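A.B. asks: Each protein sequence line maps, in turn, to chains L and D.
Residue 119, in the working numbering, is where the first sequence stops; the numbers in between run on with no holes.
Residue 392, in the working numbering, is where the second sequence stops; the numbers in between run on with no holes.
Keep in mind that a hint or two might mislead.
[To be verified] Under the rule of at most 20 angstroms between Cα atoms (straight-line distance), these lysine to any residue pairs were calculated in the SDA-like manner:
1. L:Lys-51 to D:Leu-320
2. D:Lys-332 to D:Arg-347
3. L:Lys-51 to D:Thr-365
4. L:Lys-51 to D:Thr-380
5. D:Lys-282 to L:Met-57
6. L:Lys-65 to D:Asp-379
7. D:Lys-282 to L:Ser-58
8. L:Lys-51 to D:Ser-366
9. L:Lys-51 to D:Gln-364
10. D:Lys-336 to L:Glu-12
11. L:Lys-51 to D:Leu-290
12. L:Lys-76 to L:Val-38
13. D:Lys-350 to L:Asn-106
14. L:Lys-51 to D:Lys-282
15. D:Lys-282 to L:Ile-56
16. D:Lys-336 to L:Ile-102
17. D:Lys-332 to L:Gln-105
18. L:Lys-51 to D:Arg-388
19. L:Lys-51 to D:Gln-316
20. L:Lys-51 to D:Asp-317
21. D:Lys-332 to L:Asn-106
22. L:Lys-51 to D:Tyr-382
23. L:Lys-51 to D:Val-291
24. L:Lys-51 to D:Glu-301
25. L:Lys-51 to D:Pro-385
[As the list claims (entries may be wrong)] Here chain L is said to cover these stretches of chain D; the calculated rule only asks that three of the stretch's residues, wherever they fall, bring their Cβ under 8 angstroms from a Cβ of chain L:
26. 308–322
27. 379–386
[Said to hold, decoys possible] Simulated restraints, written as ranges between beta carbons of each label pair:
28. L:Tyr-60 to D:Glu-351: 26 to 32 angstroms
29. L:Arg-86 to D:Gly-342: 43 to 49 angstroms
30. L:Gln-89 to D:Phe-299: 37 to 43 angstroms
Simulated from the structure, these hints should not be mistaken for lab results.
No experiment lies behind these values; they were computed from the predicted model shown.
C-beta: ideal position from N, C-alpha, C; glycine also.
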Amino acid sequence: QKEVEQNSGPLSVPEGAIASLNCTYSDRVSQSFFWYRQYSGKSPELIMSIYSNGDKEDGRFTAQLNKASQYVSLLIRDSQPSDSATYLCAVTIYGQNFVFGPGTRLSVLP
Amino acid sequence: DVKVTQSSRYLVKRTGEKVFLECVQDMDHENMFWYRQDPGLGLRLIYFSYDVKMKEKGDIPEGYSVSREKKERFSLILESASTNQTSMYLCASTLMGGRDTQYFGPGTRLTVL
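Use the sequences and the hints to build the structure in full.
C.D. replies: Here it is in structure tokens:
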């Protein structure tokens, strides 16, 4: 059974701080990794995808992948109250379905 | 721009009713998915389809069926709605498997009384 685990939170950070969200996965052959943001009552929207070991930056967001440790993280710099949401980690192997983590609830305090 | 639409944002039905949830994507995507999302349980895959007229069971298919007669449309059917099917239903699509991003529709919040 493929599993993706996340700390459910809530993770609370002050405005302007760095928020660090973590995700571990069980299937060593996983190839593609995604972070989605979901506001309450809304559907998930893609923030970033990452496929290779290392860091990938997009604006205030940085995804980090370590396949040896089966670990993917999302850093949000200069956190804003509008970043308050649930963040879903998703993992897939080529040709197979996504496996989603349970999500981490982030609260950015003004 | 990527677009996945769902027929209703909110739906209220009675126990035993037949319920149809429609999903349409305009991106010519091959793959379409139906999930339900419940507090504490995350996203759970109900059914998916890799091609027209093809369907595969996901993790929780019991009590549901699907139909895909056209590439752009994927319907979820609750043959006889029950109260434990009260949930948020999310449709998603991808171009192919693997590296392709899943794009989600806005969701349908279904309440079964």
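A.B. asks: Each of the hints needs a verdict: does it hold here or not?
C.D. replies: So, going through the hints one by one against the coordinates:
Restraint check for L:Lys-51 and D:Leu-320: the C-alpha separation of about 16 angstroms stays at or below 20 angstroms, so the hint holds. For a cut-off of 20 angstroms, the pair hint linking D:Lys-332 to D:Arg-347 stands: about 5 angstroms separates their Cα positions. Pair hint L:Lys-51 plus D:Thr-365 holds up; C-alpha atoms about 16 angstroms apart against a cutoff of 20 angstroms. A distance of roughly 18 angstroms separates the Cα atoms of L:Lys-51 and D:Thr-380; the hinted pair therefore holds under the 20 angstroms criterion.
Distance check on the hinted pair: D:Lys-282 and L:Met-57 sit about 18 angstroms apart at the alpha-carbon level, within 20 angstroms; holds. About 17 angstroms separates the Cα atoms of L:Lys-65 and D:Asp-379, which keeps this hinted pair within 20 angstroms; it holds. A distance of roughly 19 angstroms separates the Cα atoms of D:Lys-282 and L:Ser-58; the hinted pair therefore holds under the 20 angstroms criterion. For the given pair, L:Lys-51 sits about 13 angstroms from D:Ser-366 by alpha-carbon distance, which is consistent with the 20 angstroms threshold.
Proposed proximity of L:Lys-51 and D:Gln-364 is supported: the alpha carbons are some 19 angstroms apart, at most 20 angstroms. Restraint check for D:Lys-336 and L:Glu-12: the C-alpha separation of about 18 angstroms stays at or below 20 angstroms, so the hint holds. Proposed proximity of L:Lys-51 and D:Leu-290 is supported: the alpha carbons are some 15 angstroms apart, at most 20 angstroms. Only pairs whose Cα atoms come within 20 angstroms are accepted, and L:Lys-76 paired with L:Val-38 is accepted, the gap being roughly 9 angstroms.
For a cut-off of 20 angstroms, the pair hint linking D:Lys-350 to L:Asn-106 stands: about 18 angstroms separates their Cα positions. Taking the CA atoms of L:Lys-51 and D:Lys-282, the gap is about 15 angstroms. The hint holds against a cut of 20 angstroms. Of the supplied pair hints, the one linking D:Lys-282 and L:Ile-56 holds, its CA atoms being roughly 16 angstroms apart against a limit of 20 angstroms. A C-alpha spacing of about 18 angstroms is found between D:Lys-336 and L:Ile-102, which places the hinted pair at or below 20 angstroms, so the restraint holds.
At most 20 angstroms may separate the alpha-carbon atoms for a hinted pair to count; D:Lys-332 and L:Gln-105 meet this at roughly 19 angstroms. For the hint pairing L:Lys-51 with D:Arg-388, the CA-to-CA distance comes to about 10 angstroms; that is within 20 angstroms, so the pair holds. Proximity of L:Lys-51 to D:Gln-316 is assessed by CA-CA distance (about 11 angstroms); at most 20 angstroms being required, the pair is judged to hold. Between the alpha carbons of L:Lys-51 and D:Asp-317 the distance comes to roughly 13 angstroms, so the proposed pair stays at or under 20 angstroms and holds.
For the given pair, D:Lys-332 sits about 18 angstroms from L:Asn-106 by alpha-carbon distance, which is consistent with the 20 angstroms threshold. At roughly 13 angstroms between alpha-carbon atoms, L:Lys-51 and D:Tyr-382 fall within 20 angstroms of each other, so this suggested pair holds. A C-alpha spacing of about 18 angstroms is found between L:Lys-51 and D:Val-291, which places the hinted pair at or below 20 angstroms, so the restraint holds. With a C-alpha separation of about 17 angstroms, the suggested pair L:Lys-51 and D:Glu-301 falls inside the 20 angstroms cut-off, and the hint holds.
Distance restraint check for L:Lys-51 and D:Pro-385: the Cα-Cα separation of roughly 6 angstroms lies within the 20 angstroms cut-off, and the hinted pair is therefore satisfied. A count of 5 residues in the segment 308–322 of chain D with a Cβ less than 8 angstroms from any Cβ of chain L is obtained; the coverage claim is therefore met, three being the minimum. Coverage of the segment 379–386 of chain D by chain L holds. Counting CB-CB distances below 8 angstroms, 7 residues qualify, and the rule asks for three or more. For L:Tyr-60 paired with D:Glu-351, a C-beta distance near 28 angstroms keeps the hint of 26 to 32 angstroms intact.
The beta-carbon spacing between L:Arg-86 and D:Gly-342, approximately 44 angstroms, falls within the hinted interval of 43 to 49 angstroms. The hinted range of 37 to 43 angstroms is satisfied by L:Gln-89 and D:Phe-299, whose Cβ atoms lie roughly 40 angstroms apart.
The structure fails none of the hints (numbered hints given earlier).
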